[in-house]
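With the hints as extra help, turn the sequences into a complete structure.
Once you know that position 18 of the sequence shown is 40 in our numbering, the rest is easy, because the numbers rise by one and skip nothing.
Keep in mind the hints are simulated off the structure, nothing from the lab. Since this is a predicted model, take the numbers as computed values, not measurements. All C-beta atoms in this analysis are idealised placements derived from N, C-alpha and C, irrespective of residue type, glycine included. Worth double-checking, as some hints may not be accurate.
Stated by the list, open to error - Here are the simulated BS3-like cross-link-like pairs (lysine-lysine), alpha carbons at most 27 Å apart as the crow flies: (1) K26 x K72; (2) K69 x K58; (3) K32 x K48; (4) K47 x K24; (5) K24 x K63.
What the hints assert, rightly or not - Cβ-Cβ distance ranges computed for the label pairs, FRET-style: (6) K47 x G73: 29 to 35 Å; (7) V86 x G49: 17 to 23 Å; (8) L88 x P61: 18 to 24 Å; (9) G49 x G73: 27 to 33 Å; (10) K24 x P61: 27 to 33 Å; (11) G92 x P61: 27 to 33 Å; (12) S60 x K26: 25 to 31 Å; (13) K72 x Y37: 14 to 20 Å; (14) G89 x P61: 19 to 25 Å; (15) S60 x P36: 19 to 25 Å; (16) K26 x L88: 17 to 23 Å; (17) P61 x G91: 14 to 20 Å; (18) K72 x G49: 28 to 34 Å.
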Amino acid sequence: MKEKVIIYGKDTCPYTNAARDDYAKKGYEVVYHNVKASPEKMEEMLKWSKGAHQVPVIVEGGMVTLGFGGT
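Written out as structure tokens, the structure reads:
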């Protein structure tokens, strides 16, 4: 079974897109939520990020990472 990672971000964010690509290449099941298209997902993201409006927000195994600089 693949490990799952949840990524909250924006389609126009290069760091969000890099995170999605990188995790997918490493074999993760990537669940992506575009926070610009869904107010509900924006609220979820803000709960995970403790109110930070920074993308991407990456949730992996209950651990939260703000931003992306490579895995």
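Status of the hints after comparison with the structure:
At most 27 Å may separate the alpha-carbon atoms for a hinted pair to count; K26 and K72 meet this at roughly 21 Å. The hinted pair formed by K69 and K58 meets the criterion: a straight-line CA distance of about 16 Å does not exceed 27 Å. In summary, the hint linking K32 to K48 is supported, as the alpha carbons are separated by about 21 Å, within the 27 Å threshold. For the hint linking K47 to K24, the alpha-carbon distance of about 12 Å falls within 27 Å, and the restraint holds.
The straight-line distance between the Cα atoms of K24 and K63 is roughly 23 Å, inside the 27 Å bound, and the hint therefore holds. K47 and G73 have their C-beta atoms about 31 Å apart, which keeps the hinted 29 to 35 Å range intact. Distance hint check for V86 and G49: the Cβ-Cβ separation is about 21 Å, which falls inside the suggested range of 17 to 23 Å. Between L88 and P61 the Cβ separation comes to about 20 Å, which falls inside the hinted range of 18 to 24 Å.
The given range of 27 to 33 Å is respected by G49 and G73, whose C-beta atoms sit roughly 32 Å from each other. Between K24 and P61, the C-beta spacing of about 29 Å keeps the proposed range 27 to 33 Å intact. Between G92 and P61 the beta carbon distance is about 30 Å. The supplied range of 27 to 33 Å therefore holds. Look at S60 against K26: about 19 Å separates their beta carbons, and that is not inside 25 to 31 Å.
K72 and Y37 have their C-beta atoms about 19 Å apart, which keeps the hinted 14 to 20 Å range intact. Under the hint 19 to 25 Å, the C-beta atoms of G89 and P61, about 22 Å apart, fit the expected range. Distance hint check for S60 and P36: the Cβ-Cβ separation is about 20 Å, which falls inside the suggested range of 19 to 25 Å. Separated by about 19 Å at the C-beta atoms, K26 and L88 satisfy the suggested range of 17 to 23 Å.
Remark: the range hint 14 to 20 Å for P61 to G91 is contradicted by a beta-carbon distance near 28 Å. For the pair K72 and G49, the supplied restraint of 28 to 34 Å holds, since their beta-carbon distance comes to about 29 Å.
Violated hints, in rising order: 12, 17; the structure is consistent with all others.
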